[in-house]
Each structure stands twice: as structure tokens, then as C-alpha cells.
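Asker: Residue strings, one per chain:
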Amino acid sequence: MRIKWVECAALSVMAALSVMTGGGSWFLALALGVTLLKCLLIPTYHSTDFEVHRNWLAITHSLPISQWYYEATSEWTLDYPPFFAWFEYALSHVAKYFDQEMLNVHNLNYSSSRTLLFQRFSVIFTDALFVYAVHECCKCVDGKKACKELTEKPKFILSVLLLWNFGLLIVDHIHFQYNGFLFGLMLLSIARLFQKRHMEGAFLFAVLLHFKHIYLYVAPAYGIYLLRSYCFTANKPDGSIRWNSFSFVRLISLGLTVFLVSALSLGPFLALNQLPQVFSRLFPFKRGLCHAYWAPNFWAVYNALDKVLSVIGLQLKLLDPKKIPKASMTSGLVQQFQHTVLPSVTPLVTLICTLIAILPSIFCLWFKPQGPRGFLRCLILCALSSFMFGWHVHEKAILLAILPMSLLSVGKAGDASIFLILSTTGHYSLFPLLFTAPGKKNLFLIGWKLSTSLAWALWKSSVNLYSLSPPGS
Amino acid sequence: MEKWYLMTAVVLLGLTVRWTVSLNSYSGAGKPPMFGDYEAQRHWQEITFNLPIKQWYFNSSDNNLQYWGLDYPPLTAYHSLLCAYVAQFINPDWIALHSSRGYESQAHKLFMRATVLIADLLIYIPAVVLHCCCLKEISTKKKIANALCILLYPGLILIDYGHFQIMYNSVSLGLALWGVLGVSCDWDLLGSLAFCLAVNYKQMELYHSLPFFCFLLGKCFKKGLKGKGFVLFVKLAGTVVASFTLCWLPFFTERAQALQVLRRLFPVDRGLFEDKVANIWCSVSVFLKIKDILPHHVQIIVSFCLTLLSLLPACVKLTLQPSPKGFRFTLVSCALSFFLFSFQVHEKSILLVSLPVCLVLSEIPFMSTWFLLVSTFSMLPLLLKDDLLMPSVVTTMAFFIACATSFSIFEKTSEEELRLKSFSVSVRKHLPRFTFLPRIIQHLFIISVITMVLLTLMTVTLDPPQKLPDLFSVLPSP
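Protein chains in written order, with full-length UniProt numbering: chain A, 1 to 473; chain B, 1 to 478.
There's no promise every hint is true.
Below, simulated DSSO-like cross-link-like pairs (lysine-lysine); rule was C-alpha separation at most 30 Å, straight line [claimed, not checked]:
#1 B:LYS109 x A:LYS153
#2 A:LYS368 x A:LYS236
#3 B:LYS142 x A:LYS139
#4 B:LYS109 x B:LYS385
#5 B:LYS141 x B:LYS325
#6 A:LYS307 x A:LYS317
#7 B:LYS317 x B:LYS235
#8 A:LYS196 x A:LYS236
#9 B:LYS141 x A:LYS139
#10 A:LYS139 x A:LYS153
#11 B:LYS136 x B:LYS228
#12 A:LYS212 x A:LYS139
#13 B:LYS223 x B:LYS235
#14 B:LYS141 x B:LYS226
#15 B:LYS141 x A:LYS153
#16 A:LYS96 x A:LYS212
#17 A:LYS412 x B:LYS141
#18 A:LYS153 x B:LYS142
#19 B:LYS142 x A:LYS412
#20 B:LYS223 x B:LYS325
#21 B:LYS325 x B:LYS142
By construction, these hints were calculated from the structure, which means they are not laboratory data.
Predicted model, so just to flag it, every value in this text is computed and none were measured.
One chain only, chain A, in its complex shape (with noise of 0.2 Å):
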């Protein structure tokens, strides 16, 4: 029966809210909307990584600071940094009201029926946040000339596309992750931004990145632009650096608040002597090249074209076949490997690649400042750059690129087509989240997945449309 009460709770609070957007208002509207959408989601697939938040809930519950970095009974060991943990306890006393038993370490692969309802709602709530970044950046974007027709102003236009990203649904409401709100405070660090508030932003950042350390692919962003917008406090009237309005003042508080932050998440660790077990668990570069599902980036390209060759080559007997290593790359295990035909690849040479790739925007970013809309042009080509180039990459990193892109996308012309082409790529790539290796193919997302599809590509065009309208940018 508890269950049933927890259920009529949400639904009574989203009803009240429901009847307040009896008022007009489209964008409560919209949020309650993609919030019911995501009820409806609930009994849909969830892969491992169900599996993977319920462990930690578990471990960060049961267990002692000093054990959270060292547990290994299941093989979903904790490997985010620890603000993440921290978040994990807090919702394992929630949990606890819920299934006492999610909680226990030793119940692999648990999923009772509360479980699930659980972790999901816990998804949805914390999209909350979201939500409220969403709102933020709306403030930031500006119709150039007033529009009447409410499709067609680019608040709305940013809402639905952010609030209602396909790419975010199926990872965090049906692959289950909580992106959500990670995303929110990203959006919310560059909102502060453009809105001028840099030590917010700066501060937001660096929690964020204490929760997830995958947002280092963007840190060069944000270090070369406070760096140089911030602390350098004016310009020579070409636009070029005034080296004598540098301000210690401002640089030193940067400095201060991401030291502040960096000893709160890593202290405790630092005390326990743990920082390097820490580290190994956050960087496992023990993982391969590429991850289980590959990441549709320049690494992938390579292993193929080797697969390729190395076929060629043992057609043409060019290749002994004794000598070719057994293990393949394409059957979707996590391991390092030998290239056969082209020269092998370690990580050092993937942040060297990486580096390469980031430097152009870097520099443009540093000579030729052009404020918050250059900073979030620099932010995406990082992101892309280092899931390009990166080691172990994820495809849900793509969403990194995706997400900031709509904020430009509504801006200008040549940005919004870029834009479409980015996302119904990328949402395109992440199908394979959908069905799980072994076996069970769940044919139920088929259908669904096609029509989900067409709806995003559909909407992104008659959004490239209305953004070619606004003249002159």
C-alpha cells in the first residue's frame, strides 16, 4: 500500500500543478508534460545500469567512507567522483522508506517492482532541476523581432527542445542514468555566464564536475574563458588582450572557490591516503580503446579500417595469420588491444589528438573573445573534440554537444542547420543503448523508436525553418 500512497502523492502535486496551468502558462505546460511522458516511461527496458545506481545506493548506504572506493562485490564498482556518492547516500534514506532490501550490497541485480519505482521517480524529481536551468536559459535567448505566434519565438523553440530532447529521454528515462540534472547544472553554469555572474558560474562548474567527471572534455572552455573574459577586466578597442587590466583579485577567487570545492569532494579522501585508488577508479584507462558500444568517433573509424586491412592483408597472404592477436574488437567486450596493420594506440596519444583538436577554438577563444556566445562555441567544439579523439568514450557523450547546441541554435541560421544535423546523428547513434547485447532484444522499443524519431527530426526542420526568419544574423 505504501507504494500506492507515494504514486497519489506525485500525481496529486503534479495535478495541483496541472490545474495552475489551467492559467496559460506554455511553459509549466511543457515541463508537466515531459514529466507525465516520463511516468509513462517507467515500465519501459532499463539496462545495467539500473543495476549499476542501485549498487551504489547500496554501497554509500551500508558501507563506511573508507570502503566506498574500495568495495568489489559487484562488478559496478563506484567510478564517479564523490559529490555523486554523496548524492547516492542522500537518496538511499529515501530509498530505504521504498524496499529496505535495494539497500543491501549482497542483493545483485535486485528489481523489485518498488525498486523500479523508485529510481525512476528519483530520475524525474531531480530533472527538477533541469527544469529550472531550461528557464534560465530562456532567459538569455532573445527574440530579435517580436514574435506573435508563440511556436515561433525562440524561448519556446529552446524550451521544447531542451525540455523535450529525445537523446536525454531515452538515457535517462528508459537506459536510466541521471543525466538530468547533471545537464541542469551545466546549463545553469553557462546561463550564469551569459547573465554575467561568472563566479557562479565558475562555482557551478566545478560541483559539476565533482559529480561527474566527464565534464572535463569541457573544462579548457571554461578555464581559457574566465581566464581571459574574467580576470583580464577590459579590452584594447580592437578586441584584443589589455595586459594591464589583469585582476589578481578576480583570479585568485576563482582559484579559491574551485580549491574549496575540490577539498570538500576530495578531502575526506585525501585524509584516508586514498586519492590514488580514487583516481584508478575515475580514470580506468585499463578499459580499452573503445567502449563496449563504440562511440561513433574517429577511433572507430581507425579499428575498422585496421579490421579492414588486416582482412585484406590475409587475403593477399601479405599477413601471417599466426601472428594476429585473438581477442576482436568488434565483439563488445571492455579490454585493451593490439592493432594488427596500423600502429597501436595508448592514451597518451588520444590527449595529444584530443589537444590538437581543441587548440584552433582555444585560440580563438583567447585572441579574439567574442563573450558568452563565443565561450558556448569554443564549449561545443571541445565536446566534440574530445568525444571525437577521446579514450573510452562513451556515446552518451555526444549529448555534451548536443545539448549546449540548442542554446546557439536558436540564435542564428547557420547554427540551427548544424544543429539539426548534429542531433538526428547523435540521437540516431545512441539506438543501440536500446537493446542489450545479450540476447534480449526488447522489441517492444522498435515501433516506438521510429515514431520518437520521426516526431525530433520532424520538429528540428520546422525549427530550422523558423530560425532562418529572424533577419540580419
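Guided by the hints, dock chain B onto chain A, whose structure is given.
Answerer: This is chain B only, laid out in the frame that chain A set:
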């Protein structure tokens, strides 16, 4: 039309909601020996595929009529046959004679859900889209909002995709909607053909037949009985006869065949009402046990007379002044009177009333929304039996939000908007102070919504007191 992409997005949203609702359980899942409507549908595919036509409606060793015998008109049977051919192609085990009883598997569930979705997509949804596009005197944005609200109507979604009713309701309702469209746009022959097909799919479409008849008759009268009107009348009669003949052709060979089919379609032996239905008989029976008081044949006569009386005024008006708007309103009133007073009415028949109400959504949004919310709520006991609490609440809220934002219903409750001007004017002749009708209606709406919510909460959380085990099933009805 412009903004075709918005309409496409709306349609796709409707499809997404339907598909996500279908992920839930269905009626009779895992409940032998009879299972539920889902099994009935599968069984009909088995029967129509494996047995010759002459045996479909008869009791035989292969076809046990007690176990979900076919009791809908021939077009349903043909549809099942078509689905059966597809099933045969995918996995013959699904429809093997006798051995496939109670067959349940993920793949089969996917197949059955897919057949509903395809039927919906081909028949119902285009009709709705076309209807909204043909609405006059409203902006494109309102047309799209209208389409959104109609497609999000929870009742149909939950019954067809959640509960999995015996019939593909969207097919019969869609065909009826095509009929309405045809007749309203002056394509009378096509419209009547579509409606005949609808009746041949599900005999309960007869609820809508009187308005069709009166409207078309009115049109004939308008054109003059001695000229074009007569020609039209003959053409219409010919169309109706032809379509019926076409559907019933295999059953016309023997008199016994046709009679047996009719007997299966109209089971007058069953009684005044079954289960808990939100109509007059059920409500009255709480206080006055009608079933015990009146003998069987008197019940039939009483219900017939009351039904006829309640729908006569609207039909007469329609015949004398045929207009598409009047037609739609008459559809509502006739369907409602049938639902309230007729014989052996099922809860799901409220859908037959809801469809016409959806059609008048753009004209009196407040009342229509109210009615549609209540109609969904009245089906709640049925839906709770299948564990559909979450989807039903979620879809109802989505529908409410869609209507509220599209039509700003709370602002449109002036007397004129509610079409109650003449009523309130006449009352004011006697009570000069009666100016607060809109306020009363708003308060009533809020009270009814709160009551619905409370009843839902109570049904879900409390066990009913022992003396009145059916309390929670009966309460939604009034």
C-alpha cells in the same frame, strides 16, 4: 495546410503516448481459464483462419461459442482473418486450432499491440486530422490544438492499448468519423458507405445511426422531394443496401446463417445491464431493484420507449434544419440517450458518446472537457482491474493540461460560451437574480474534479467496507 509539421508532431506525440501505454499489462493477463479480451481477440483469429466461413457463428466441436464466441458483425471477422494471415506468416503457433488457447508471449503481445496501432494509424488518426483541418472559422493553431486534444483523449487510448478491448474501437470509431466527415462535407455517398462499414464492424455504432438517417433525410427534403432530393434518397438507399450485401454476402446463402449471426449480435437474453455501468438503470437499481421488479420483456419495452422519447426532439429538429453543426450536436445527444437508457449497455460504450463530444470540443470546450474527463473516470473500475492506475491518471492529466492550455477553458465560461443563454434568460424571467450561472458551473466543475480525485485515491488506498464490496465500483457511475 501550413504548419503541417506541427500537425505531424502532434500525431507522433499521440502515437508515442499510445505505444507507451501499450507497454502495460492487458486484460486477463495470466488468468486462466478464460483470460480476457486479449485472448478473445487471439481466439477469433484462430477461428476465422482455421474454420470455413459457415462455421464461424455456429456452435461446433471446433468452435465452442461459450469460449469467446464471435459476437460482432462480419467485418470484424474479416479483420481478424487478415490479422491471422499475418500471424501465420510470423508464427503459426499463435493461431493453431485448439492448441493455442491461452497463448501468451512477449512476441505475441508485440504483434497484437502492433495490429491495434496500425489500424489506428490507418483509419482513426487520418480521420481526426482531416476533421480538424476542415473545421471552419478557427485559426490553424486552434485546429492543431484541437487535434492534440482529441488524439490525447484518455478513454480510447486506455481501452484500446491498455485494456485491449475485444474490438479495435479505433477502427469502428474511425470509420464512423469518416462517415461524419463525408456527410458534413457533402460527400454523402462516401460518408454513408463509411458509416455502413462502421456499423458492420461493430453493431453498437447503431447508436449513431439515427442522426445520420435524420440528417440525410433532412438534406433530401431540402433538395425537394420531387427532384434532386429523391435522386439522392435513392442513391443513398442503394449505397446502404450495397454495402450491407457486400459484407454479409457469405451469410446470405442460407436463412439459418443470417439468423444465427443476428442472434449472436443482439443477445436480448442477457438482461437490462451487466456489471456496473454509468447509466440510468444501474444508478436507479441502487435504490430500486428494477431487475427483480419488472419482468424481462417489460424491461425491453421500457428501455426502448425511454430511449426513443429522449432522442426524438433532437432528431426531429435535425430533419427539419439539417446542418453540420446541428448534426454533431445531435450525434452527442442521441448517443447519450442510448447510453443512458438502452438495453445491455457496456461501460466501454461511453466511448461512443465521447467521440461526438470530441467533435464539438472546439465549440463548447469547457463542457466537452468536463464530460470527457468524467467519461474516462467512469471507466476507472474497469481499468483498475488491469493495473492501469498510473497510465490512466497520467493520460487524464495530460489531456486536461492539453485542453486547458489550448482552449483556456477557465476563461470561457460565460453564458454565451456555454450555450446556455436561452436557458438562463428563461430562468431569469422567474428569478431575476439568476446571473451567476457561470460561477455555479465553475464551482460544480471544481467539485466534480475533486470528487473524482478523492474517489480515485480512496479506491486505490482503502479496502471497501465489508457490507458494500462494490461501493467503489458503483460510486463513479452517478
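Asker: Indicate, hint by hint, whether the structure satisfies it.
Answerer: These are the hints, each one checked on the structure:
Taken as a hint, the LYS109 of chain B and LYS153 of chain A pair is broken in the structure, with Cα atoms around 42 Å apart against an allowance of 30 Å. Between LYS368 of chain A and LYS236 of chain A, the direct Cα distance comes to roughly 11 Å. Compliance with the 30 Å bound is thereby established for this hinted pair. As the CA atoms of LYS142 of chain B and LYS139 of chain A are separated by approximately 27 Å, the hinted pair is consistent with the 30 Å bound. A hinted pair counts as satisfied when its Cα atoms are at most 30 Å apart, and LYS109 of chain B with LYS385 of chain B qualifies at roughly 19 Å.
Between LYS141 of chain B and LYS325 of chain B the CA atoms are separated by roughly 21 Å; this keeps the pair inside 30 Å, and the hint holds. A C-alpha spacing of about 15 Å is found between LYS307 of chain A and LYS317 of chain A, which places the hinted pair at or below 30 Å, so the restraint holds. For the hint linking LYS317 of chain B to LYS235 of chain B, the alpha-carbon distance of about 24 Å falls within 30 Å, and the restraint holds. Taken as a hint, the LYS196 of chain A and LYS236 of chain A pair is honoured in the structure, with Cα atoms around 19 Å apart against an allowance of 30 Å.
Only pairs whose Cα atoms come within 30 Å are accepted, and LYS141 of chain B paired with LYS139 of chain A is accepted, the gap being roughly 25 Å. For the suggested pair LYS139 of chain A and LYS153 of chain A, the alpha carbons sit about 12 Å apart, so the restraint of at most 30 Å is met. At most 30 Å may separate the alpha-carbon atoms for a hinted pair to count; LYS136 of chain B and LYS228 of chain B meet this at roughly 27 Å. At roughly 26 Å between alpha-carbon atoms, LYS212 of chain A and LYS139 of chain A fall within 30 Å of each other, so this suggested pair holds.
Between the alpha carbons of LYS223 of chain B and LYS235 of chain B the distance comes to roughly 14 Å, so the proposed pair stays at or under 30 Å and holds. In summary, the hint linking LYS141 of chain B to LYS226 of chain B is not supported, as the alpha carbons are separated by about 44 Å, beyond the 30 Å threshold. Taking the CA atoms of LYS141 of chain B and LYS153 of chain A, the gap is near 14 Å; set against the 30 Å cutoff, the hint holds. With a C-alpha separation of about 25 Å, the suggested pair LYS96 of chain A and LYS212 of chain A falls inside the 30 Å cut-off, and the hint holds.
Distance hint between LYS412 of chain A and LYS141 of chain B is fulfilled; the C-alpha atoms sit about 25 Å from each other, no more than 30 Å. A C-alpha spacing of about 17 Å is found between LYS153 of chain A and LYS142 of chain B, which places the hinted pair at or below 30 Å, so the restraint holds. For the hint pairing LYS142 of chain B with LYS412 of chain A, the CA-to-CA distance comes to about 29 Å; that is within 30 Å, so the pair holds. For the suggested pair LYS223 of chain B and LYS325 of chain B, the alpha carbons sit about 19 Å apart, so the restraint of at most 30 Å is met.
Pair hint LYS325 of chain B plus LYS142 of chain B holds up; C-alpha atoms about 18 Å apart against a cutoff of 30 Å.
The earlier numbered hints that this structure contradicts are 1, 14.
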